[in-house]
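Residue numbers (our numbering), protein chains in the order written: chain L, 1 to 341; chain S, 1 to 283.
The set of hints was computed from the structure by calculation and includes no laboratory data.
Be careful, since some hints might not be right.
[Claimed, not checked] Once the Cα atoms are required to be at most 20 angstroms apart in a straight line, the calculated PhoX-like pairs of lysine-lysine come out as:
id : chain 1 : residue 1 : chain 2 : residue 2
1  : L       : Lys107    : L       : Lys82
2  : S       : Lys35     : L       : Lys319
3  : L       : Lys35     : L       : Lys107
4  : L       : Lys279    : L       : Lys254
5  : L       : Lys75     : S       : Lys51
6  : L       : Lys254    : L       : Lys235
Single-letter residue listing:
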Amino acid sequence: CFTHYSAAISVLFTADIISTVEFNYSGDLLATGDKGGRVVIFQREQENKSRPHSRGEYNVYSTFQSHEPEFDYLKSLEIEEKINKIRWLPQQNAAHFLLSTNDKTIKLWKISERDKRAEGYNLKDEDGRLRDPFRITALRVPILKPMDLMVEASPRRIFANAHTYHINSISVNSDHETYLSADDLRINLWHLEITDRSFNIVDIKPANMEELTEVITAAEFHPHHCNVFVYSSSKGTIRLCDMRSSALCDRHSKFFEEPEDPSSRSFFSEIISSISDVKFSHSGRYMMTRDYLSVKVWDLNMENRPVETYQVHEYLRSKLCSLYENDCIFDKFECCWNGSD
Amino acid sequence: MLGRGLKRKLSDYEENMAGLSSAFDSSRNLPYPLKRQLVLNMCLTKLQTYKMLVEPNLHRSVLIANTVRQIQEEMRQESNQQPINVCPGITPSSHSYTGMESSGIPLQLPSGISQQESNCCDLRSVEDPIENSLLIVSDDDMSSAISSILKDLDFVEDISPPTCLVPTGDDQPKFPENTGLKLEDDRQDLKGAECVFGSFEISNSTSYLKDLAIDDIFEDIDTSMYDSDFCCPPLMPPRPPSLATEEPLKTFPSCNSSSASNIQICRTDLSELDHIMEILVGS
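Same shape as in the complex, but just chain S:
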C-alpha cells in the first residue's frame, strides 16, 4: 500500500534488477544463453516471492511457471542434442565467454558448477561489467531460488550452495558429475515449478482439514519414553524439519535418534530421585 504523498523508491535490489533488465532490452550483443538465464532467474525469484504471499495471484503464477517450463524444455533439448562427453583436450575454462556460444554448448555456462568457478576467473578479465554481475547473480540466485521452491510449504530455506568443486585443473573427471548435478537441478527445478500450485490447492480448499489423517501428524514423535512412569525433556536439540514433503505440519522434532540416550540419562536421574525420596521419607 502506498502511503499518501510518499514517493516510492527503488530498493537496491530493484535498482540492480532494473539495470539488468534494461541491459537485456537494449543490448543486442548479450548472448542468448545469458538472456535466457536472466529471464529464468527473474521467474524463479518472482515465484519465490509469490510463495511468501498469503494469496498469490494464480494468473501470474501460471504465466511465470509456463515461462520457466519453456526455458527448461529448451535447455533440456539442447543438452540432449549436445554430447555430454568432453574431449580430454578441451577444458571448459579454455572457452572464452563469446566462444561458449559459438561452440554450441551454451547450456554449460549457467549451471555447470566447476565451469562457473573457472568462468568467474575468466569473467574478471571480461570488460563488460554487466555480464560479470549477471553470471555471479545467476549462480547463487538460481540455486537458492530452486532450493527454496523445493522446500515449498515449509518455507525453510536450507540453502547449502552446491558443492564447490575443484579448480580448473581437475575439471575433467568431475565433468560428468556436474552434468548429472545439472540435470538433477533441472528435474528439481521443473518439479519446483510444478510444486508452486500445490499451495494453491491447500490454501483454496475448504476441506483441507479432512485430508489430514490425525495419526500422520504425530508419526514423527517417538512416544516410547512416555510409556514409562517418568517423563523427561529431550536433551538433544530438535532436528530440522524433514525435506521434500507436502505435509505442512511435519515440523515436530523427531526424537528417534536421541531417545535411547535420553532414557539412559533419565534412568540415572530416576535412581537419584529414588534416593532422595528415601531420605525424605526416612524409610
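Only chain L is shown next, with the shape it has when bound in the complex:
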C-alpha cells in the first residue's frame, strides 16, 4: 500500500516510471499511470485561508493496481502491465469514473468516497459477528456516523480481446455512452455498458503485411459531434472520419497533411514527421498535433497546412542521426490545450 506517495520522496524503481498523466474535466483530480500497472490519483488541495498558496498542491487521493502482467499462451508473449492511457469520464454523480488501458485491455474504474459508516445494525454486532436472532428483543434504526475518508476504486468493466496490436489511444465520446480504442492498425468503437462486443470502424491493415507503410498513432473523438473522430499516422497525416458515412470508416472525410519543405529534407524526415498525439480544442474548431520536433495547430476547415507551427526543440534537428542511433528519435510526446482554448 502506497500510503505515503510523495513527489518529493521517490525511490527509483523501474515500475514507478510514469507512463501517462491526465487531468479530469474540472482539474481537481490528476491521474497518473505507471509502468507497473498502477494508477495514482492526486487531488487538488482545497482552499485554505491559513495557507493561501496551498491551492496549487496536489495530494494523493487514491492508489490502485489497474493492470497486472499477463501471458498470452497462444503466442508465447508477455503482455505488459504498463498503463498506456487514462481518460476520465464526465462526472455524473458523486463517484468518478475513468478508463485505463495497457497494450491489450481497457478497464473502467469507479472511484468513490466513503466518509460515513452505519452503526447499530440489528443482525450483527459492532465487530461484525452475527447475532442470534432469537436474542434480539428490540429493533433500532442504524445511524450514520462519520469516519475517516476512504477512497475506494473498483473495476466496473473489462473490455478485452479486441486488439491484435498495441493500444495507443482511447477517447470518450461526447455522447458519454461510447468510446473508441485505437491500436497500430485498427480502431474499435465500444459501448461503455457492453464488454463482449466492439465495432471495428477503421482498419488499415493491408492484405499483404509486406505492403504496410503506415500505422495509426493516435485517435480522438470530436468534443461536440459524436459522429466525428480523427486519427493520426506515422507519416504525419491526420484523417477526419464521419461515422454516418459508412460503417467502416476506411475512407476519410478530410485529409490533413502539410507539404514537405524540401530544404529541410533528411533521411529522418519521415520518422520525425510521425505524429505522436492529436487533441481537439475545446471549441472543436481546431486540433493540435505533436510530432518529434514541433507542435502544429490545424483549422479543421483547412486541410493543406496547419495555421500555427511551434518548434519545440529545434536544436535537436542537427542531432537526428545520434538520436536515431540510440532510439530516442522514437520517443513519443503528448500535447494538451489550455483549459480556456
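Following the hints, complete the assembly by docking chain S onto the known chain L.
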C-alpha cells in the same frame, strides 16, 4: 530492464556507433553517399535486432523499413541515371574518395565489391579515420544484415561474404558482374525490408495453425527407407535448412541425397544380422 541503481554503460559496439552518428551530425564534409550508407547500415542493423525480439514494435519497424526503401529508391534512381559501362581507360581505383562524389557515381562506392577492395587500399591513405571505419563497417555490415534479413524466420545466418574479387588490375571485365551483384543486392535488400512484416503476420495471427498443411511439413523427409522392414539412422549429417522460404518448420534434414547409399549400407548390415541370427537360432 535496468537494474536498481545500476548505471547503464555503452557497449563497445554502441560506443562505436555513437561515434559514427555524432560524426554524421557534426561533420559537414561527410559526403552524401557515405551519410546515406551509414543511415542504411543503421536501419538494417535495427531491423535485424528487431527480428530477434519476440514481439517487435510495429510502429518503429514500419518507419525504419520506409527509410530503407527510400534510400534504396534513391540509389536505384541514381544507378539508372548513370551509365553502367565504364570507359576502359578509367579504373575505379583511380577515383579518389572525394573524387567519387564529384564524378557523379557515388553509388558504386558502398556496394561495388571490387571497388571496395580497391578503395580500401585508397582509404588507408586517407587521413580521416572515421571515413575509414565507415567504409569498412559498411561492407561487412550491409552484406551480413541483408543476408540475415533474407533468412527471415529461420534465423539462420548463412553469412558468406560476397565473392572477393580480383584486385584492381582486373577490375574492368568484372565490373558488369559487380553491378549485377549490386542490383541483385538491391532487390534482395528491398525484398528483405518487405519481408520484415511477414513475421508480424505470423506472430500476430491466431489462426496460423490452420494455414499450415500438415503434409507440407514433412515433404522434405524421404520415407522410402522406412518402407522396408528395417530401420537405420541416416549416416550422412543433416543438410542445412533450405533458404528463401517462408515455412518456419522446414528445418527437418533432407535425406534425399543420402538415402541410396544408406540403403546400400543398411543392406550390408542386414545380411550380417541374418547371419548372426542363424548362428543364434542354430538353423
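Going through the hints against the structure:
The straight-line distance between the Cα atoms of L/Lys107 and L/Lys82 is roughly 13 angstroms, inside the 20 angstroms bound, and the hint therefore holds. Of the supplied pair hints, the one linking S/Lys35 and L/Lys319 holds, its CA atoms being roughly 13 angstroms apart against a limit of 20 angstroms. With a CA separation close to 16 angstroms, the supplied pair L/Lys35 and L/Lys107 stays within the 20 angstroms bound. As the CA atoms of L/Lys279 and L/Lys254 are separated by approximately 16 angstroms, the hinted pair is consistent with the 20 angstroms bound.
Between the alpha carbons of L/Lys75 and S/Lys51 the distance comes to roughly 16 angstroms, so the proposed pair stays at or under 20 angstroms and holds. For the suggested pair L/Lys254 and L/Lys235, the alpha carbons sit about 16 angstroms apart, so the restraint of at most 20 angstroms is met.
Taken one by one, the earlier hints all hold for this structure without exception.
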